[in-house]
Amino acid sequence: MGLLSLSRVFSLVSLALFVKIHFSLNVASDSTGEAHALLKWKGSLQNHNTSLLPSWTLYPVNSTNNSAHHKTKTSLCLWSGISCNHAGSVIGVNLTILSLRGTLDEFSFSLFPQLSYLNLSTNELFGTIPPQISNLSKLKHLDLSHNELFGNIPPEIGHLINLEVLDLYRNELNGLIPEEIGQLHSHVHLDLSENQFNGYIPHSIGNMSNLEFLYLSRNNLSGSIPLSICSLSNLSLLYLHTNNLSSTILKEIGKLISLTYLDLSWNQFTGSIPPSIGSLSKLSNLFLQVNNLSGSIPPSIGSLSNLSILYMFRNNLSGSILKEIGNLSNLSILYLGPNNLSGSIPKEIGKLMSLTNIDLGDNWLTGSIPPSIGSLSNLSILYMFHNNLSGSILKEIGKLMSLTDLELYDNWLTGSIPPSIGSLSNLQYLYLDDNNLSGTFPPIFENFTKLTDLTLFENNFIGYLPHDICRSGSLQYLSVSDNHFSGPIPTSLKNCTSLFRVRLDGHQFTGNIFEDFGIYPKLNFIDISHNKFYGKISSNWGKCPQLRDLRMNGNDISGTIPPEIGNATNLEGIDFSFNHLVGEIPKEIGQLTSLIKLILNGNKLYASIEELQGNEGLCGNVSGLQHCNVLVSRRHGFTKARKIMFVIVFPLFGTLVLWLTSEQARTNKTTSRQGHTRELSVPQAVSPDQQSTELHLALNTFFCLFLPSSLETTTFRLNCISSI
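Numbering (full-length UniProt numbering) for the sequence shown: 1 to 724.
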């Protein structure tokens, strides 16, 4: 009996040892197979070298197969980016941001039965996603984002039933999103954004009942949002922006009760915003901008108490801004323009104490700015431009101490600028142009240490410009044209080296132009035309290397044109017309190869064609020059040079010149803001520069067509130029 028991014990021990040895051999065999598979894939990469994955080797560093250490292999589990389970099998591969370049064709997916995590993101992988990836039956996390993969998603992806995360963001994948993707019932995170997928969003996505994050933005998807998506009760984030999706926004979208982030922007949705959207009580971010939505904003929006960001700009929304908007106590950003909203701005907007950005611009709003705006102490950006607002600029605006950008231009505002605006020490952009503001400009610049943009044009201001208008030392854009300013140029402007674009035209400014302006290394455009400046043109204008357009026409400037002007080699336009300039036009102007607009009529200047032939953009009806016409090209070559002395005097056409110049000033109401481009700005059908070109072209064509023929052979008409 004892012998029998001992025999049974021995048998059990032997069986256990056999199982352990057999299992160890299998594990060792599996690990070796996985190691060789990884090395094979590494060898297929285009940038395989000693610096790429140096730990991926079967033998220790500094040893060979024939060394004394050849029996000691490096464990696969110690390789960088590789993680193993307790049995030594690979369960994770994390090789993100390693500049790996190659394909997945040599990756033996079938040899990794335990792999649950695969992250090859932010590399340079290209080619297609192999169908064999479906052999990773235990895979839960697959991240191939930020690569150069192309082709379709293989339908076999639907076999990865344990997959929870699929991230293919920012590749070059195309074709249809396969219906099989709906078989991933365990899926939580799906990101297919920034690819080239087309066609419809598959209805099968509605079967992914655990889905929380869905990113399909920046593709070429079309059609409507499938109704099945509205059954995803766990969905928290839905990104569908920047596609070609159309139809209406489903009323069933209100069933997505877990939704915190909804982005349907930059599509072609039509119809009205469904009132059911007010049921999304957890919603914090709502982006509906740049669609074709119409109708009014539903009052139910006021129920979204957790809403932080609301974008509805660039639609066709109408009606008024409802007082219910005052219920959005957590709102920080409100962008409602451009639309077709009308009525007054509700005073309830002053309850939104968390607001930092307001854009109500480009609508049809009327009435005055509510004083409650002054309560928004966190406000940084306030856009109410291009409406029909009236009344005065409230002194309460001076309470907005965080304000950096104030844009009230293109309204019907009246009265003077309140001195309280001078308290806005953080202000960088102040746009008050195209209103009916009047009075003298208050001394508000003492605290404007950050101001870069100031536009006041097309108002009724009078008096002097403040002497410290460039106190900040950072002023770049200054446009005060078409007012009634007078007196000298502020002294601070002479040393304001930050200036980029300046409009001082159409006033009664006086002073010696030689002394009042300095050297501006960043200046691109300056117009001081139609004032009462006198004196000589300074050679310092040639020390403005970025200058492209120099306008001094319609003043009392005398003397000669300094040859140093030719040092401003980027000049494209010069207008010195209707002054008292005399003498020879310097040959250096002919060397300005970028010059395409040269207007010098109304002076007593002369030059030879030879001296100007370096500028191929000029034209005239004399031998050796291209004839002027409406369709003249930007560049013409001279075939023959003749030395003809001429005098550029056209007093008969002075009235026409002044009229066209004033028309140009009216069309340039927005050009002073060039360079300060808001993200939400709407492109105009015809740009101000195009309008300006048409006016100059009309002027030039007039002179070309109606100058007496007897003068054509003896006078080189400098105002007849090629179009811009």
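Note that these hints are calculated values from the structure, not bench results.
Note that the Cβ used here is the ideal one computed from N, Cα and C, for glycine as well.
Please note: incorrect hints may appear among the correct ones.
[What the hints assert, rightly or not] With a cut-off of at most 25 Å between alpha-carbon atoms, the simulated SDA-like pairs for lysine to any residue come out as follows:
(1) K587 to E564
(2) K282 to G367
(3) K323 to Q268
[Stated by the list, open to error] Estimated spans, in silico, between C-beta atoms of each pair:
(4) P54 to E252: 48 to 58 Å
(5) P521 to P442: 42 to 52 Å
(6) N174 to T414: 23 to 33 Å
(7) P54 to T270: 54 to 64 Å
(8) N292 to L52: 29 to 39 Å
(9) N162 to L52: 44 to 54 Å
(10) K494 to K587: 27 to 37 Å
(11) T449 to N540: 25 to 35 Å
Verification of the hints:
With a CA separation close to 10 Å, the supplied pair K587 and E564 stays within the 25 Å bound. Taking the CA atoms of K282 and G367, the gap is about 34 Å. The hint is violated against a cut of 25 Å. This hinted pair does not check out: K323 and Q268 have alpha carbons roughly 28 Å apart, beyond 25 Å. Restraint check, P54 to E252: a C-beta distance of roughly 55 Å satisfies the suggested window 48 to 58 Å.
A beta carbon spacing of about 31 Å between P521 and P442 contradicts the range 42 to 52 Å that was offered as a hint. A hinted range of 23 to 33 Å for the beta carbons of N174 and T414 is inconsistent with their spacing of about 57 Å. Taking the beta carbon of each, P54 and T270 are about 57 Å apart, inside 54 to 64 Å as hinted. Between N292 and L52, the C-beta spacing of about 50 Å breaks the proposed range 29 to 39 Å.
A beta carbon spacing of about 31 Å between N162 and L52 contradicts the range 44 to 54 Å that was offered as a hint. Under the hint 27 to 37 Å, the C-beta atoms of K494 and K587, about 30 Å apart, fit the expected range. Checked against the hint of 25 to 35 Å, the pair T449 and N540 passes, with Cβ atoms roughly 27 Å apart.
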